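If you're matching them up, the sequences are chains A and B in order.
Number 81 in numbering that gives the first Met the number 0 belongs to position 82 of the first sequence; there are no gaps in the numbering.
Number 267 in numbering that gives the first Met the number 0 belongs to position 268 of the second sequence; there are no gaps in the numbering.
Calculated directly from the structure, the hints in this document are not laboratory data.
On a predicted model such as this, the values are computed, not experimentally measured, just so you know.
Do not take every clue at face value.
As the list makes no split between identical chains, a pair holds if one copy fits it or if it spans any two.
List of simulated lysine-lysine pairs, DSSO-like, C-alpha gap at most 27 Å [said to hold, decoys possible]: (1) Lys27 x Lys48; (2) Lys234 x Lys24; (3) Lys116 x Lys19; (4) Lys88 x Lys116; (5) Lys228 x Lys116; (6) Lys261 x Lys19.
Number of protein chains: 2
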Amino acid sequence: MKKSIVVSTQHTKFSALAFKEDFEKSIKKVADLGFDGAELAVRNPKDLKVENVIKIIKENDLEVPAIGTGQAYGEEGLSFSDPDEVIRKMAVERINDQIVFASNFNAQVIIGLIRGKIEEGVNRAEAEEWTIDCLRKCTGFAKEYDVRLTLEPVNRYESNFINTLNDGIEFIKRVGASNLGLLADTFHMNIEEISIYDSIIQAKDYITHVHFADSNRWAPGCGHIDFKKVIETLKKINYQGYVSAEILPLPDPDSCARLTAKTLDKLNIS
Amino acid sequence: MKKSIVVSTQHTKFSALAFKEDFEKSIKKVADLGFDGAELAVRNPKDLKVENVIKIIKENDLEVPAIGTGQAYGEEGLSFSDPDEVIRKMAVERINDQIVFASNFNAQVIIGLIRGKIEEGVNRAEAEEWTIDCLRKCTGFAKEYDVRLTLEPVNRYESNFINTLNDGIEFIKRVGASNLGLLADTFHMNIEEISIYDSIIQAKDYITHVHFADSNRWAPGCGHIDFKKVIETLKKINYQGYVSAEILPLPDPDSCARLTAKTLDKLNIS
């Protein structure tokens, strides 16, 4: 396994981000702390100087395992489950732009909050079909770029569908695309899974990316999740990908990144 | 320790309630399952036939350890931290009505969601002062009836202040009333506390009521909270009060109540 931490390419309201100011400095810090990669949180790739982002990543000898896409929902309201067809079309276009951007790094594109919430008064089965339709369009487009998508179950307070790994697997099966995997996030799992470990075992054929955050969404080691056992379980299923810290910048960005690096080094993830 | 489970006196939107239909039948079930008490969730005591509620509780030989009051926030928007003075005054009046109702049972009055959320654009320090002012008014009124209030920290998604037991203790100290205690809820603690056990130990002089729900808010035993260790910790601080199940009615009301009774009996709480 390799380790990464989330860095936003621009300032954002989204809270669970170690670094969201001064991209170049943040990336340098991530490299200095010994991370193998930086997961990038991007609102709209069209707002970025892509060549510049590529250059900064290369200069610091980092990989980009995944692109986070939730800001387009949080800040612009784009979503796969919106009753308005135009909004859904814009959400698909945005993810397609993220796919083109991701192809520069061999990064996965995360489908997290961009799926939205099923609004009151909206038929649940219909909203699920809209979501599946959007996922089919995006995975189809992603195949042309040899890019994978990864679906992230989130806790009940952040969305009212796809909360558990098993919910995620059901959706992945319904979409039926070979380039759609599953993202296991320990913070969400602490709230939603009956057993964090058993659910990882059961999802072994689907997990393509992992988020590490402790029970309180601080750096691993700051709450009560047993990361030693999580790592053992990931090794048991022969997970070879990244564990990426999607955490609150507390007590401050530098400290939480340092704490993450320290905890992961102690746990001997490789 | 004694065991209870939450029963709503009327139908409600609030989801974390085992029973919310047909009060008399629900109370009978609670008694049949061997619970010592029923915690009552009440939107407005003035809508109740109080003598009838007292009669049903007595006939079933149950106690009422606490009154839940959050529906007045969830369904009517009354709160202690609302910028509108009239709303705050209505919230205090509602809690005072709950205090009079509670005095029939020697029950504590829970201050949970009724504290509200600090709205965007509202000064945090000011909203905290409003809340403290309301708490002083209510604890003062409660003294006349020899009733205690108990302040419930809830997780970050349900309110943006008083999330940890320690936050609760700080507020209790600032209010400075001898009849204001602390409510420890395991579902919220699983999200907010660094260690569920250490935080109980640290709050030992303040805890006057305990909610049991598992990590997924199902009945104790359905998630990954170690209730054996929670019970041991509560025994360590010599907690003599109630553990009360505030849980989702899943898979259905009867099953979740039965599961709760079974788990608590196995854990030998007394």
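Open item on the list: When Cα atoms must be at most 27 Å apart, do lysine 228 and lysine 116 count as within-copy, between-copy, both, or neither?
Closed with: neither (32 Å within a copy, 36 Å between copies)
Open item on the list: Checking an output row: lysine 88 and lysine 116, CA cutoff 27 Å. Within, between, both or neither?
Closed with: within (16 Å within a copy, 34 Å between copies)
Open item on the list: One pair to classify: lysine 234 and lysine 24, alpha carbons no more than 27 Å apart. Within, between, both, or neither?
Closed with: Intra 33 Å, inter 51 Å, cutoff 27 Å: neither.
Open item on the list: Treating 27 Å as the Cα threshold, decide for lysine 261 and lysine 19: within, between, both or neither.
Closed with: within (21 Å within a copy, 48 Å between copies)
TODO: First find the shortest C-alpha distance between lysine 116 and lysine 19 inside one copy, then the shortest across copies, and answer within, between, both or neither for a cut-off of 27 Å.
DONE: Intra 25 Å, inter 26 Å, cutoff 27 Å: intra and inter.
Task: Alpha-carbon proximity between lysine 27 and lysine 48, which holds within one copy, between copies, both or neither at 27 Å - done: within (18 Å within a copy, 67 Å between copies)
Consistency with the previously given hints fails for numbers 2, 5, ordered from lowest to highest.
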